[in-house]
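Now that you have both chains on their own, put them together as the hints suggest.
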Amino acid sequence: EAGVAQSPRYKIIEKRQSVAFWCNPISGHATLYWYQQILGQGPKLLIQFQNNGVVDDSQLPKDRFSAERLKGVDSTLKIQPAKLEDSAVYLCASSFGGTSEDTQYFGPGTRLTVL
Amino acid sequence: EDQVTQSPEALRLQEGESSSLNCSYTVSGLRGLFWYRQDPGKGPEFLFTLYSAGEEKEKERLKATLTKKESFLHITAPKPEDSATYLCAVQGGYKLTFGTGTQLKVEL
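Which chain is which? The protein sequence lines are A and B, in order.
Taking this note's numbering, the leading residue of the first sequence gets 1, the next gets one more, and so forth.
Taking this note's numbering, the leading residue of the second sequence gets 1, the next gets one more, and so forth.
No wet-lab data here; the hints were simulated from the structure.
A quick note: this is a predicted structure, and the numbers were derived from the prediction, not measured.
Be careful, since some hints might not be right.
Stated by the list, open to error - In silico SDA-like cross-links for lysine to any residue, where the CA-CA straight-line distance does not exceed 25 angstroms:
#, chain 1, residue 1, chain 2, residue 2
1, B, Lys57, A, Gly97
2, A, Lys44, A, Pro108
3, B, Lys59, B, Lys79
4, B, Lys42, A, Ser27
5, B, Lys95, B, Ser24
6, B, Lys68, A, Asp102
7, A, Lys44, B, Lys68
8, A, Lys44, A, Ser7
9, B, Lys95, A, Leu115
10, B, Lys95, A, Glu14
11, A, Lys62, B, Tyr94
12, B, Lys95, A, Leu39
13, B, Lys59, B, Ser19
14, A, Lys62, A, Gly3
15, A, Lys44, B, Lys79
16, A, Lys44, A, Gln59
17, A, Lys44, B, Phe72
Unchecked claim - Here are some, though not all, of the chain B residues that point toward chain A, as calculated from beta-carbon distances under 10 angstroms:
#, residue
18, Pro44
19, Gly93
20, Tyr94
21, Thr100
Even glycine gets a Cβ: it sits at the ideal position worked out from N, Cα and C.
With the rest of the complex left out, here is chain B (with noise of 0.2 angstroms):
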């Protein structure tokens, strides 16, 4: 059976303050590795999908990592509009299972 683990399981920043969140994985032959961010009140939003280790992709602060076990979904000099949960979800046959998400909250 696919699992993912995320941790933390929230996370505190500063604005301007870096990080990175964690997924861990076992799956038995991975298709994707999904990363969603959610907003309260939201349906999860897409945001990455990669596909083989040392695969790298970036949209503006955020930028996605994965090695044979895990991604990383590192955030570059956060602001606040990023606080949200992100939610990180691995492929293997046709089904997503997701992880419990790392709440982000972005202070000024």
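So that you can see chain A by itself, here it is in the shape it has in the complex (with noise of 0.2 angstroms):
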């Protein structure tokens, strides 16, 4: 069974610039998370979709972030305009149902440097 994937797996940004995150959950998976790990920190949720509903956006700086899940399945996560302590590894994770008993499985994340 093919896991979580993102794009890009690296991305380096000017400030002020914008940035675009990918994610693709295990197929059947209805709830699909984003979250930021800062260097050194566990990841936090920024965002969590129940198929194309958002369940939690509570810690998404909605200023400059924004994310949108198309159609129940792919999602994206966007940047506009980016800050510095933004750099982080932005982390996708889908589970099956979102319930508390659903285990979230993790993709490899995209590495953001903003300089």
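Written as structure tokens, this is what we have:
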């Protein structure tokens, strides 16, 4: 079974530029998550989708971050404009149903460097 | 607000030297405690889920246990390939809250 796919794997941009990340979850998984992992820290949830709808985006900096999940499958996370403090690994995860018993499976992440 | 504290931050072991990693947590209504392994440049890899105090789970050289306030990840006779960062996370409601991890290095 294919795992969670993410692209690109690495991205370097200047501050104030925009960037987008793509995620394809495990086939059949209804719930998709975006996390931010700053070096030396654990992942922090940015947004959670259940099918097409947003379940939790309380920690998403909405003035610069946006995310969408079209047709309940793939998702994109966008940052516009980027700041130096956005340098981090952006992880996508998916789970079958999104309940407390569901295991989240992570992709390899996209490492973003903002100069 | 849910909180997770992991200790030690880093641990260096000799091959075959058993030890334990600690995960202390506070959560309103624990729905699950998760252990993940993360290798450099990769996403977290699922290891275990524990749901209630007293529960234990094993996988090869790893054994996870859970009490009402903390979880332990016991590593028996570790090998160099067990070197990684081990992350603990708790779920109260929908959201997973992660600790900062324990970076384990196993040397020959």
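Tested hints:
no., hint, verdict
1, B:Lys57 - A:Gly97, "holds, 23 angstroms"
2, A:Lys44 - A:Pro108, "holds, 15 angstroms"
3, B:Lys59 - B:Lys79, "holds, 14 angstroms"
4, B:Lys42 - A:Ser27, "holds, 20 angstroms"
5, B:Lys95 - B:Ser24, "holds, 17 angstroms"
6, B:Lys68 - A:Asp102, "holds, 21 angstroms"
7, A:Lys44 - B:Lys68, "holds, 23 angstroms"
8, A:Lys44 - A:Ser7, "holds, 19 angstroms"
9, B:Lys95 - A:Leu115, "violated, 31 angstroms"
10, B:Lys95 - A:Glu14, "violated, 32 angstroms"
11, A:Lys62 - B:Tyr94, "holds, 20 angstroms"
12, B:Lys95 - A:Leu39, "holds, 21 angstroms"
13, B:Lys59 - B:Ser19, "holds, 15 angstroms"
14, A:Lys62 - A:Gly3, "violated, 28 angstroms"
15, A:Lys44 - B:Lys79, "violated, 30 angstroms"
16, A:Lys44 - A:Gln59, "holds, 8 angstroms"
17, A:Lys44 - B:Phe72, "holds, 22 angstroms"
18, Pro44, "holds, 5 angstroms"
19, Gly93, "holds, 8 angstroms"
20, Tyr94, "holds, 6 angstroms"
21, Thr100, "holds, 5 angstroms"
Of the hints listed earlier, those the structure fails to meet are numbers 9, 10, 14 and 15, in rising order.
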